[in-house]
Amino acid sequence: MIAKVIIFVVIAVIGGLTSSWYMIERGTRLTTRTQGVWTTWVAAGRADADPYTRAHFMRRGMLPVSTALAQTYEARTDSDGGALFSSCDYVVEGTEPDAAFWSLAIFDDAGRLIPNPAERYGYNSATLMRSPGGRFGITLARSARPGNWLPTGGAGRLAVQLRIEEPRGGEKAEISLPVIRRLSCR
Amino acid sequence: MPLIPGWLKRLSWQTVAVAAVTGGIVHIMATLVLPQFARATAFQRIASKLSLNAMHVLPPATPDAQLLPFLSADERIAVCKFDIEAGPVDVTAVLPEKGWSLGLYTASGDNFYVIPAQDMRRFEVALTLVPAQERFFGTIGLGKQVDLSATQVQVPTNVGYVVVRGMSRGRSYTADIEQTLKKARCVQRKA
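For the record, the sequence lines run as chains R and D. FYI, the numbering for the first sequence is 26 to 211, going by the working numbering. FYI, the numbering for the second sequence is 17 to 207, going by the working numbering.
Just chain R, same shape as in the assembly (with noise of 0.2 Å):
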């Protein structure tokens, strides 16, 4: 009986690890919002966010801007769900945030800048090319391609990461965020 309780225990301390390592990585529905492909954290930078943010951010050594000033979106995989590979090409598309600024970037996975002989590691609202009615489309591919385009060399998994800046409408707005498309891969 003793040697079953103990095990049981055992059983508790794993979950209670794994359920800890599972909020802080990936978060659950109480302390992130996920719109699409995009996740943001409620609560990033900000004095009252509950422990499970805290820890995320600590961890990962990012300096967040709080949510009361910007929403930070990160995309991990496309709009049909596989992860973001540097051996395919996929196109961000959709119509401009309504927003006072933002801002689009592309890592490694884990957060790395991804080393190209172009130098381009991002767009924003002030450097994007759109075309008329705030349409826009940037390509992620490992070759160059004409418009907006970031190399995503050799970086395996990838990491997309858009910040919204004072959206209008306050931080709790539904934003429109535009989805990741795979146009082919190697």
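These are calculated hints, taken from the structure and not from any lab test. These figures come from a predicted structure and were not determined experimentally. The reader is advised that the hints may include incorrect statements.
From the structure, some residues in chain R lie toward chain D, with a derived Cβ separation under 8 Å [to be verified]: (1) L88; (2) P89; (3) E191.
Where a beta carbon is used, it is the ideal one built from N, C-alpha and C, also for glycine.
Based on these hints, arrange chain D on the given structure of chain R.
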């Protein structure tokens, strides 16, 4: 195969309660302790570039020299580590256009104050960082000159960070951004 194994059914409710409480305690402890095992928080990563009560413009992020993860190469930042133990700290910065902001952080990374650039005008920010209890009286000592033009901000912890962020509008603006960030100041008042 039964849904619940026989031995599990024989466990008393006390055992289940103990296990659940144990799991909960482990969960809470792990959540609070795990960040302490972080390889380096954001401010620990940039600590070597900073000195106390002085603004430092960090070098632009490149693949070979990236101080912080997920920091865009378009984004330039100036950081000041402040300590208000010995007196208030005056902070000034210019936020010339949208995409710029000034944020105040506690040492543990909470962004307790943030002010963005304003529409269509060059925005000069002047703040005085004071301890939480000294907002009205502590900094207004007899015989001292009081700067009423600056906004006083109560800081929850004595030590923290000022972060001025600027966004690039393209390579041709790089020098402009650097110059504007270099104008930011973070100075402790003399007693």
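Tested hints:
1. The interface hint given for L88 of chain R holds, since its Cβ lies 4 Å from the closest Cβ of chain D, which is under the 8 Å cut-off.
2. Annotation: interface hint on P89 of chain R holds; nearest CB of chain D at approximately 7 Å, less than 8 Å.
3. Taking 8 Å as the C-beta cut-off, the interface hint given for E191 of chain R holds, the closest approach to chain D being about 6 Å.
In this structure, every one of the numbered hints holds.
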